[in-house]
Amino acid sequence: MQHMQLGLIDYAIMIIYFVFVLGIGWALKRYMKTSSDFFLSGRSIPAWITGLAFISTNLGALEVIGMGASGAKYGIATCHFYWVGAIPAMIFLGLFMMPFYYGSRARSVPEYLKLRFDEKTRGFNAFSFAVMTIFASGISMYAMALLMRILLGWNFNFSIFMSAIIVLIYTFLGGLTSAIYNEVLQFFLIVAGFVPLVYLGLKDAGGWAGLQSRLQTVATANHFASDAWSRSWHYMTSPTANPMGIEWFGMVMGLGFVLSFGYWCTNFLVVQRAMAANSMSAARRTPLIGAFPKMFIPMLVILPGMIAIALTYQGGVSGFHLPAKDGSFDYDMAIPMMLAHYLPSGLLGLGITALMASFMSGMAGNVTAFNTVWTYDIYQSYISPNRSDQHYLWMGRMATIFGIVVSMGAAYLARNFNNLMDFLQLIFAFVNAPLFATFLLGMFWRRANGHGAFLGLVLGTGTAALHHGLTAPAGATTLIKGGWLGTVVHTYPSEMAQNFWTATFAWTACFVVTSLVSLATRANKTDEELKGLVYSLTPRPKEEVTAWYNKPATLAVIVLAMTLVLNIIFW
Amino acid sequence: MGLDIRIPIGLMFSILGGLLSIYGLVSDKAIYQRSLGINVNLGWGLVILAFGVLMLILGRRGIKSV
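From first to last, the protein sequence lines stand for chains A and B. Read in our numbering, the first sequence has 376 at position 376, and its numbers run on one by one without any break. Read in our numbering, the second sequence has 53 at position 53, and its numbers run on one by one without any break.
None of these hints come from the bench; they were simulated from the model. Cβ atoms here follow ideal geometry from the backbone N, Cα and C, with glycine treated the same way. Take the hints with a grain of salt, since some may be wrong.
Said to hold, decoys possible - Cut-off 20 Å, straight-line C-alpha distance, at most; resulting in silico cross-link-like pairs (SDA-like, lysine to any residue):
1. B/K29 with A/S318
2. A/K551 with A/F92
3. A/K203 with B/Q33
4. A/K29 with B/D4
5. A/K203 with B/I38
6. A/K33 with B/D4
As the list claims (entries may be wrong) - A short, non-exhaustive set of chain A residues, derived as facing chain B with CB atoms under 8 Å:
7. G23
8. A27
9. H341
Next up, chain A with everything else stripped away, as it sits in the complex (with noise of 0.2 Å):
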């Protein structure tokens, strides 16, 4: 492919955010006095800030890259990672759950599952979030130095210098308060970069009823019904209606329930932006805040992967077309494809800047919540207690450099071994995927204990990888794939139905397993001491605030309502 020609004004862009990013570390650095202040923002951001930096980490670009590939693959469907994928967990998180994490004052999420149940818990998920957050990072530099070598001919070590560097200055500087900060700035330069992309895509397509009728061609001649690619939910009855390869019911319970509450609510990832607001309010209306532009995110991502695939199949006035791969498309290219079709310089190095914005913060947010739980959970637990506050501030900073060091490590490593990183990606999936039970049995059952949870996190971890090993996606040739244990039991249409489906059966596995223990094994905690971690033994939060628009209850009210409307609008 032809590299993007950057012109002056793109680089000055370019510069200005750097200089920016670098900027405000600098201006927080003063500001980090004990390490409260640096892990946890000190607990003093308002909530719009936290709500947009809840949504933005998630928003990294490898969510926007990906967003845009499969709304080209399985059109507006792909909303359902949306609409039923993430706002009712995030209402759910600020109403029911937040009041536990923020009111037990737990620094980290595992430091609640310690409070809650016991050491071995709280070892198993801060041992194996923290390498998952690292390999993380790694990820997503591998992928912006990949990107920026076919889009602008960058060279590979330098991508990866270059984000490494500043990254790790500004987070280094000013702790979680610099990434929360460089998240929302992340999040409007999105906005201010792909507005102006998707209006010029839709206008080449003919307006919403022009792209309609561009992806009835699409869809029929993938074989599926005329408005395939443009109803979310009307052929979801059945797995082979739909591109997506999955009904209702597998897509409900396994990415609507599992998937999605096990990392909207117990990833400290996102959990911890959350954490760092200013009062128990700003902390419940952090993800409810965060829902109402969340909800919207489909136009900027989703939707450019739509207009990208309609013009490839029925071509425009301007002539765009995806990338072709091993007999089909290159999905992956077609956000970045449509920024250099459409973009002329000047707002193209705004796009660019802020796909480069979205990695280097999906970075930062990894390498935030990694320093976090290894210096609260793993250093100061089980290496070095008892030191003083400013030793743990120190020890934050190091793991900060250590941390993006070893990232960088990572991302080498994705560039020599593609299938290691695959599958060190699905041994995390199959850790998160039971995760989401040990919480709910936590937070609302007094009575699971600690070695019940353990057990159930280890079984549950154990089922998934035993659902993969025995199961496979149609078509599926490698190992990766699933169905390693010699024999296939079942045969899922996609691979998107097996994911939802080890999720399932891990989550039941975990929630019965931890039931049954604890029911056979006596209660470690006290009903004192479980006093503001379980539902039953708390007092319910006052309200702190009285203007409607303040109270959590009615902001879950509204943005439910308006969920509905979407999805009853693009049914």
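Chain A is already provided as a structure; the job is to place chain B on it using the hints.
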């Protein structure tokens, strides 16, 4: 935290918006063939500039009230 994020956001977007608008005025019209003949740099640059200025105003007001 002592730094109101609206100030840096406002500054950055004002600079970017201003830069894009000026570039939109002086750039060769041929580059807009890509964007279907629309001078998106000028149009969208002004929107970004307006957003930046709004953020600056909100940020300054926030500081005064504290």
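The hints, checked one at a time:
Between the alpha carbons of B/K29 and A/S318 the distance comes to roughly 17 Å, so the proposed pair stays at or under 20 Å and holds. Using a Cα cut-off of 20 Å, the hinted pair A/K551 and A/F92 holds, with the two alpha carbons roughly 14 Å apart. Using a Cα cut-off of 20 Å, the hinted pair A/K203 and B/Q33 holds, with the two alpha carbons roughly 14 Å apart. About 14 Å separates the Cα atoms of A/K29 and B/D4, which keeps this hinted pair within 20 Å; it holds.
Between A/K203 and B/I38 the alpha-carbon distance is near 11 Å, which keeps this suggested pair within the 20 Å criterion. At most 20 Å may separate the alpha-carbon atoms for a hinted pair to count; A/K33 and B/D4 meet this at roughly 18 Å. For A/G23, the interface hint holds, since its Cβ comes within 8 Å of a Cβ in chain B; the closest pair sits about 7 Å apart. Because the closest C-beta pair between A/A27 and chain B is about 5 Å apart, less than 8 Å, the hint holds.
For the restraint placing A/H341 at the interface with chain B, the shortest Cβ-Cβ distance is roughly 7 Å, inside the 8 Å limit, so the hint holds.
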